[in-house]
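Engineer: Residue-level listing of the chains:
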Amino acid sequence: MEWETVIGLEVHVQLSTKSKLFSGSATQFGADPNTQANIYDLAMPGTLPVLNADALRMAVRFGVAIGAEIGRRSVFDRKNYFYPDLPKGYQVSQLDYPIVGKGSLTVTLDDGSEKAIGVTRAHMEEDAGKSLHEDYQGMTSIDLNRAGTPLLEIVSEPDIRSAREAVAYLKKLHSIIRYLDISDAIMAQGSMRCDANVSIRPRGETELSTRTEIKNINSFRFVEKAINYEVQRQQDVIEDGGRIVQETRLYDADKDETRSMRSKEVANDYRYFPEPDLLPIVIDEAYIADIRARLPELPDAKKARFCAEYKLGEYDAGVLVSSRELAEYFEIVASGSGDPKLAANWVTGELQGLLNKHNLEVSDSPIQADRLGTLIARIKDETISGKIAKTIFETMLEDSSGVDAIIESKGLKQVTDSFAIEKIVDEVIASNPNQVQQYKEGKQQVISFLVGQAMKLSQRKANPGQVNVLLKEKLK
Amino acid sequence: MAFDKSEVEKIAHLARLHISDLEADEVTARIGDILHLIDQMQSVDTDAVEPLAHPLDVVQRLRRDEITEKNRREELQTLAPSSQDGLYLVPKVLE
Amino acid sequence: MIEKTVAELSVALASGDISSVELTQVYLDRIARFNADLNAFITVCDESAMDQARAADAARANGETGALLGIPMAHKDIFCTQGISTTCGSRILQNFVSPYDATVVEHFKTAGAVTLGKTNMDEFAMGSSNETSFFGPVKNPWDSNRVPGGSSGGSAAAVAAGLCAMATGTDTGGSIRQPAAFCGITGFKPSYGRVSRWGMIAFASSLDQAGPLCQSAEDAALMMNVMAGLDSKDSTSIDKDVEDYTTTLNDSLDGLKIGIPRQHFAQGLSAEVEQTIRDALKEYEKLGATIKEIDLPNNHLSVSAYYVVAPAEASANLSRYDGVRYGYRCENPLDLEDMYKRTRSEGFGDEVKRRIMVGTYALSAGFYDAYYRKAQKIRRLIKNDFNEAFDEVDIIVGPTSPHTAFELGAKSDPVAMYLEDIYTIAVNLAGLPAISIPGGMVDGLPIGMHMVGNDFAEARVLNIAHQFQRQTDWHRNKPAAFTQED
Chain A
1 MEWETVIGLE VHVQLSTKSK LFSGSATQFG ADPNTQANIY DLAMPGTLPV LNADALRMAV
61 RFGVAIGAEI GRRSVFDRKN YFYPDLPKGY QVSQLDYPIV GKGSLTVTLD DGSEKAIGVT
121 RAHMEEDAGK SLHEDYQGMT SIDLNRAGTP LLEIVSEPDI RSAREAVAYL KKLHSIIRYL
181 DISDAIMAQG SMRCDANVSI RPRGETELST RTEIKNINSF RFVEKAINYE VQRQQDVIED
241 GGRIVQETRL YDADKDETRS MRSKEVANDY RYFPEPDLLP IVIDEAYIAD IRARLPELPD
301 AKKARFCAEY KLGEYDAGVL VSSRELAEYF EIVASGSGDP KLAANWVTGE LQGLLNKHNL
361 EVSDSPIQAD RLGTLIARIK DETISGKIAK TIFETMLEDS SGVDAIIESK GLKQVTDSFA
421 IEKIVDEVIA SNPNQVQQYK EGKQQVISFL VGQAMKLSQR KANPGQVNVL LKEKLK
Chain B
1001 MAFDKSEVEK IAHLARLHIS DLEADEVTAR IGDILHLIDQ MQSVDTDAVE PLAHPLDVVQ
1061 RLRRDEITEK NRREELQTLA PSSQDGLYLV PKVLE
Chain C
2001 MIEKTVAELS VALASGDISS VELTQVYLDR IARFNADLNA FITVCDESAM DQARAADAAR
2061 ANGETGALLG IPMAHKDIFC TQGISTTCGS RILQNFVSPY DATVVEHFKT AGAVTLGKTN
2121 MDEFAMGSSN ETSFFGPVKN PWDSNRVPGG SSGGSAAAVA AGLCAMATGT DTGGSIRQPA
2181 AFCGITGFKP SYGRVSRWGM IAFASSLDQA GPLCQSAEDA ALMMNVMAGL DSKDSTSIDK
2241 DVEDYTTTLN DSLDGLKIGI PRQHFAQGLS AEVEQTIRDA LKEYEKLGAT IKEIDLPNNH
2301 LSVSAYYVVA PAEASANLSR YDGVRYGYRC ENPLDLEDMY KRTRSEGFGD EVKRRIMVGT
2361 YALSAGFYDA YYRKAQKIRR LIKNDFNEAF DEVDIIVGPT SPHTAFELGA KSDPVAMYLE
2421 DIYTIAVNLA GLPAISIPGG MVDGLPIGMH MVGNDFAEAR VLNIAHQFQR QTDWHRNKPA
2481 AFTQED
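Chains A, B and C supply the protein sequences, listed in that same order. Take 1 as the starting number for the first sequence in my numbering and just add one per residue. Take 1001 as the starting number for the second sequence in my numbering and just add one per residue. Take 2001 as the starting number for the third sequence in my numbering and just add one per residue.
Quick caveat, the hints were computed from the structure, so don't treat them as lab data. None of the hints are false.
Pairs of lysine-lysine residues, derived as DSS-like cross-links and limited to a Cα-Cα distance of at most 25 Å, are as follows: (1) LYS1092(B) with LYS215(A); (2) LYS456(A) with LYS443(A); (3) LYS311(A) with LYS341(A); (4) LYS18(A) with LYS2233(C); (5) LYS1092(B) with LYS130(A); (6) LYS472(A) with LYS423(A); (7) LYS79(A) with LYS2341(C); (8) LYS1010(B) with LYS79(A); (9) LYS1092(B) with LYS2341(C); (10) LYS1010(B) with LYS2341(C); (11) LYS172(A) with LYS215(A); (12) LYS413(A) with LYS390(A).
Partial pick of chain A residues on the chain C-facing surface, computed with a CB cut under 8 Å: (13) ILE39; (14) ALA43; (15) PRO45; (16) PRO84.
Nothing here was measured: the structure is a model prediction, and the numbers come from that model. Quick reminder that beta carbons are idealized off the backbone N, C-alpha and C, glycines included.
Sequences are here, hints too, so could you generate the full structure?
Structural biologist: Rendered as structure tokens:
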């Protein structure tokens, strides 16, 4: 039987506020345990929440960015369950009236086609603390620094049809969140976390079938691997005559498998009800308009502009806008070089290669955008050739001086003086009589051999175009 | 609505309370009485009534995103039944 | 001295007739003498009280003034007091020393009042008799076989017995007004949102409100001047100017329209209480008020709706008592589950556990609409009843409780106990201000008169109560056993 995979993702993003969602404690990553847990975070009796204005603003910013409906009257609810890293015994979240309603994201698939994936909703909630399972005389230890950090939970529609699509959606989400500057969204640090709801059904079937929820996936790569594993597992179960049970499964990256979380709880009953310590959040048109006005150019719009303004291809433009920093880097290079297309080639080629090789972010690039711009400008104005430029690019890694200074000091300036080139061309003609004869007899391709000889003679500093023209003239 | 011992068991677990077998009958009866009192509500038709969650008809105030709290770990952990190295300790979670 | 109201003590302190140190010593001596029997205080702060009294006297010597400067008071043990045990009447917080002050406590400190100690209460304010306290019941100063009412029974008894000049309380379903009625004092519940709830241990967040227990409406006005106001730490605290509640106390009542709800003078009300209230109303007619009967047609549903909303909110509010970060933890837990269940079962009393379970049930899957949502709708109907009533009248008057203080142990059936609050509960569901003042006596026991005002009509309610107290002396009655000074 042919199977179709159905995936919905729940993504938790830590909003990058200075203080917590409902208290004035710091949210710094990596602080000493329990040094960022104040009396509200510890659920001391009598303490009360007050909403962080920036957390709200960031959530709305996300909603506006994906063209979603914004909850004009949004309500916090209590989600009740007991766990030692949940100090109040309930998590303040949003159920019926989330801050962000329906919206969608467009992702580019492997074949270059585009697909819209629905976002069902996004809501604000508090993060929990951490249970550390290192041993303290057989006890579990609890760090509540993270408790109360603002989260935006973004829930997708079950529109995703493969692990690759899931990754594309996640990367797009990541890119938008980074563009909006509302979260560090670093999966390895847990500031972006992903749970995947996975089910399979016979192709052609329209009803959803029983799904499992995979938790504990902490990189883009593992999202793909975990889903692929789970899809295969479900197929095997069904093809062996079994049935899929609705359950939560943990992904184990070391073993590359998902496994069922044993739990005594038959079914969770979270007993949601409106949080009486908080009042409804009411948002007016002016608030949304202000956020919309301050929105940065987002990846899709930027891509379209790059294609139109710089005449870039879809693919290159897509790569360049995948991160806000890379796009900004590119634009500096493009304007400095005077040749956006060549700039795009260099940024997506040499520069990306360099960054990947050294595992660097573009913001940490040893070759700054303005220097790369100048380098390309020197190709463009024929001071150097493309080949020489690559040598200079390597030199720039260690040498932080200006591009022109490097060209000067290493004597790499291209020879464009036609008198000097004429001398070289004459020399080549004189020392290669056979080839000259062949050319004259109509063997046109010999010309490139002669150009090559001239370039060699000039130590690659001659302008190859000029050499070509001169040679052809002399051999007429 | 029927309310029996199995319901008591279920909600006691949700609320993380232990009800001994000795208490179970009495607890069931008492809660049954209270639910009976509560069920008087069912005599009124409220289909067209908007729920009132809060007596105040006002909206949420916001606080500025500022760090106003200092680290008080040592002082606050003197209140904890069990702690070590700045961490709260609890018995192991059995899965 | 102890027969003086706060307003009078304030004059005595200002004129130098007595110092705060002397006054504080008088009360501490009386606490030492009477509290063992009365059980009104859980914690007495002898030393810090004297320190505060000395500081108040020094401040006064420095030229500082203030109506409450140097006045000895008590806080219900539901208010967090930094460095002082804060138990909420529960075993689970028996050893809890609060790391911070409630906003209300802070306000009284700033005003220079002296904290004598923390008063007894029903556990987590769940009760109408003070019998659910882990620290034992409080006795009614008028008759030691009777309850003082609850949940602010310790505060009410302490004020009535002259163990403090004034006290704070909290009212979720009548917990200030009913004990005030039973103990023959004045108890005022402000509008929801008027007084900060920060540091006031939550029972039911959408109903809880702090207020004064004292000897007169004038004292309540003085206390409200200190207690009321916006608090940035409490999202439900209202951003509305605070009046000086003393300036309108003597406004004329000529033309005042008093509403008498038929439903509060119906079956279940004792004949003596009814007669007392009807007599008291005649005083208002003398002052130029007119009286008309009104309807609160959904009042009979208030107890049912309340016993869904309050337990539901409480079931979540009390989840934090889990033995992890503070408070009681059971001995030698086997595992996490065992720790939770034994800690909470050993730490909470029966009434608290009952309400947690009722609330958990009301919110559980499949029952939410039938219980919680339904109760919210009834709440709307009750609020609408009041809105309509206040289109016609300025104040609603009736009995605070169907009868005088009952005997200890008389209401062992929870439902019977719940019905004690039939006249007071609707006010919390609607968030309105209401006061109970002594309206008369029957068989040596005080009777409370209940007066409900419109949203944020605190000043008007206090004015109306004060005018009654200018015409009558019921609020001056003291229980005989506590009046001799030696």
